[in-house]
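Q: So the sequence shown is residues 1 to 235, counted in the UniProt record's numbering.
Hints in this document: simulated from the structure, not taken from any laboratory.
Heads up, a few of these hints could be off.
[What the hints assert, rightly or not] Mimicking EDC-like on lysine to aspartate or glutamate, the simulated pairs with C-alpha atoms at most 20 Å apart in a straight line are:
{"hint": "1", "residue 1": "Lys131", "residue 2": "Glu179"}
{"hint": "2", "residue 1": "Lys87", "residue 2": "Glu48"}
{"hint": "3", "residue 1": "Lys27", "residue 2": "Asp91"}
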Amino acid sequence: MKRIHILLAILALTLLTACVKGNYELKINKDGSGESVVTIGFEEEAYERLGERGHSMVESATEELFTQGYNVESYNEEGYIGFQATKSFEDVREAENLQATGGMTEMGVGAALSDNIDMTVEEGVFTDMYKIEAVVDLENSGLLGGMQQLVSNQLDLTFTLDLPVSPKAHNADAVDGNELTWNIKTAGTTNMMVQVGVPNVRNIVIAGVAGLVIAAVVVFLILRKRNKNRDHPST
């Protein structure tokens, strides 16, 4: 299979016309179980203009997520229409393996993760303090096929981490209780940091980074297919 950045070169043939937003949310419970949620939405007016082609693109993406064990439902909120895919897991380490499913390795997801996750541990009498620092680099991953600047104006990508306890420190862009949200850059790198006193927090962040890259891949595949259909309209 050709790597996804070669396929995405077709984006250079046309201009993107619709804003797309994507969010990957990872909710972790105290027992290590949790829920993984991928939400993808298009501007409703632009999506409706695509007609059957738009529906076909969404169906293709949702079918792929369904094969990975997600429960997929339609999404319509605040002027955006698309889908929301949810998957529960008993152990956060199950979510860590998302990047190896559905051919994501061949798509170049590993390049975005690389070795950019560091953990330091400060041992305490009752609680060990874990500090995780992660770097998401979509620009140099090859996923955008050299179209970073064009896509960055059209794509709103975020990662939400819902922790079972309050973090001690973080650099999230938005906070709602124990829920942290980062805005992910498509043209450049995104630095994420969270410090929390719970075990296995490294697995949590690895799972989150892997999941948000998968969300990005889904968006880019939809955009690629949309523009390919536009260049070759059905007769």
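Q: Hint by hint, note whether the structure agrees.
A: Now the hints, each set against the structure:
1. Lys131 with Glu179: holds (17 Å)
2. Lys87 with Glu48: violated (28 Å)
3. Lys27 with Asp91: Holds, at roughly 11 Å.
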